[in-house]
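Engineer: If you read the sequences in order, they're chains A and B. Mapped onto our numbering, the consecutive letters of the first sequence carry residue numbers 199 to 490. Mapped onto our numbering, the consecutive letters of the second sequence carry residue numbers 2 to 261.
Some clues are possibly wrong.
What the hints assert, rightly or not - Restricting the straight-line Cα-Cα distance to at most 25 angstroms, the calculated cross-link-like pairs of lysine-lysine (BS3-like) are:
| id | chain 1 | residue 1 | chain 2 | residue 2 |
| --- | --- | --- | --- | --- |
| 1 | A | K319 | A | K309 |
| 2 | A | K319 | B | K258 |
| 3 | B | K94 | B | K258 |
| 4 | B | K94 | A | K253 |
| 5 | A | K253 | B | K258 |
In case anyone wonders, no lab produced these hints; they're calculated from the structure. Bear in mind that the values here come from a model prediction, so they are computed numbers and not experimental data.
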Amino acid sequence: METVVEVERASKRFGATLALDRVDLRLSRGEVVALLGPNGAGKTTLVSLVLGLRKANEGTTRTFGMDPRDRRARSRTGVMLQGSGLPNFLRVGEVVDLFRSYYPHPIERAKALEIAGLADKASAMLVTLSGGQLQRLYFALAICGDPEALFLDEPTVGLDVEARRAFWTHLRAFVAGGRTLLLTTHYLEEADAIADRIVVINAGRIVADASPAALKSSVRNKRVSFETDGSLDVQGLPIVRVISSGPRVDVLTDEPEALLRALFARGSSIRNLEVAGATLEEAVVGLTAGGA
Amino acid sequence: MAKAARELAPLAPIVVAQARSEFLRLIRVPAFSVPSIIFPIMFYALFGLPFAHAMVEGVSVAAYALASFGAYSVISVALFSFGITVANDRGEKTTVLMRATPLPPIAYLAGKVIATLAFAAIALGSLLAFGAIAGGVHLSVAAWLTLGARLLVGVFPFITLGFAVGYLAGPTSAIAILQLINLPMSFASGLFVPLPELPGWAGKIAPFLPAYHFGQLAWATMGTPTESIGVSTLWLIGFTILFLIVAIRAYYREETKTFG
Chain A
199 METVVEVERA SKRFGATLAL DRVDLRLSRG EVVALLGPNG AGKTTLVSLV
249 LGLRKANEGT TRTFGMDPRD RRARSRTGVM LQGSGLPNFL RVGEVVDLFR
299 SYYPHPIERA KALEIAGLAD KASAMLVTLS GGQLQRLYFA LAICGDPEAL
349 FLDEPTVGLD VEARRAFWTH LRAFVAGGRT LLLTTHYLEE ADAIADRIVV
399 INAGRIVADA SPAALKSSVR NKRVSFETDG SLDVQGLPIV RVISSGPRVD
449 VLTDEPEALL RALFARGSSI RNLEVAGATL EEAVVGLTAG GA
Chain B
2 MAKAARELAP LAPIVVAQAR SEFLRLIRVP AFSVPSIIFP IMFYALFGLP
52 FAHAMVEGVS VAAYALASFG AYSVISVALF SFGITVANDR GEKTTVLMRA
102 TPLPPIAYLA GKVIATLAFA AIALGSLLAF GAIAGGVHLS VAAWLTLGAR
152 LLVGVFPFIT LGFAVGYLAG PTSAIAILQL INLPMSFASG LFVPLPELPG
202 WAGKIAPFLP AYHFGQLAWA TMGTPTESIG VSTLWLIGFT ILFLIVAIRA
252 YYREETKTFG
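Looking at chain A on its own, in the form it has when it is part of the complex (with noise of 0.2 angstroms):
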């Protein structure tokens, strides 16, 4: 299987602040990764390495077996990136041509358009578009390209739910064609739906690599969670994660038996207990919370 992306002990510092930290990835074609982690912890510089917009302290990058930065890999690929803009004054159909002069092997504009749910935008004004409209059309030209692998950062941060769900439709139909994605995102519950392998990263390592049935199962955290007198002193108990510690204490943990008999041991009131098994979130929040 030929290696699309393939990152090396890539380590990135950005003055006195460590972002990645020896981060080994590798992304075979046909892949569909998310890349999972919470704000801060280094997955659009991740992305940025891979798509050559910032060099690596140490380690190497690679696409398609080229630095990323040869204008022969970007011809192979499209990307969505945060909060880049355009100009206002542009009509979509333009935008979506100039972008495809760009490209050895572009797809036709309707094609774009319509893939991206655009179809009857053409002619609009840039400055006329919805976020949504505009988060599409961003779609249209990260994939007008025709490219093998699509690296998405957020793409769908600030859209509504609706507009959220038209657009993984999209982006799932796109990538069905034997497509590389790697995207970044907050909604891991769409990352469950679209991705066969999630990728977490935390203070920029890499703490899980695996599919999210895997995922799941690989994390035992249960979360438990009851009211209580007084205030919970977590010092000594087997908990992953404090999610609240208000009147009503909610906690993750890997150990629920050993934490309850801890909880009676102590003599502590409980009333209204409850214990369930984690979602994926709540998975990732546990992995997360491990090196913390």
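Chain B: place on chain A using the hints.
Structural biologist: Below, chain B without anything else, positioned relative to chain A:
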């Protein structure tokens, strides 16, 4: 691999597409297009036409001022089209998105230069037409073409200056900074009021301003230069290089910050 046939898109169509987009974004922004085309005509009507038949440096004011405001018009288009679009592209992070595509930087620059020249040709052509009709300025076809060609070819110091300001200033301050450069420079170079009629200080600093030497290219077509074309050309090349160095330094400063 099926797609090995062509690995890169051909350059010429990219340059054409870039130039087209840059031109459209210029002409569609009234805050740019209206002043660029109307102001030189308005200034010429206000400062040149009332004294049309007076003589300055041996030619009629109508002809002399047409050359002066022709120079002013081209300078303004170059400074603003480059300065403002570059500052905006940076402010909006369009540069980052473009950087992630296979767009070659040379095509991005060439597109801007071509769009600037096209827009300058429109602004200059409108002014010259106005001067011929309202000012009664009669030149041979060859002389009109020479005037237009010299101003368009000599514009590069102002393109590199606009580029430098676009890279040094933010998107909101670029307009103000460019105007603070453009108006005093054009005034002190004798583009608004002929140099012989300005206070003595203007005559002393004018030879150190690019707009003065640019004006010489225009005045020479009316037969009233105060320095030879060769000397003007050397000055303009010097300023082009000077501003280019500033622009490249600013570009690399940004490069390290945004793409380091």
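Engineer: Indicate, hint by hint, whether the structure satisfies it.
Structural biologist: Hints, verified against the model:
| no. | hint | verdict |
| --- | --- | --- |
| 1 | K319(A) <-> K309(A) | 13 angstroms, holds |
| 2 | K319(A) <-> K258(B) | 36 angstroms, violated |
| 3 | K94(B) <-> K258(B) | 13 angstroms, holds |
| 4 | K94(B) <-> K253(A) | 18 angstroms, holds |
| 5 | K253(A) <-> K258(B) | 11 angstroms, holds |
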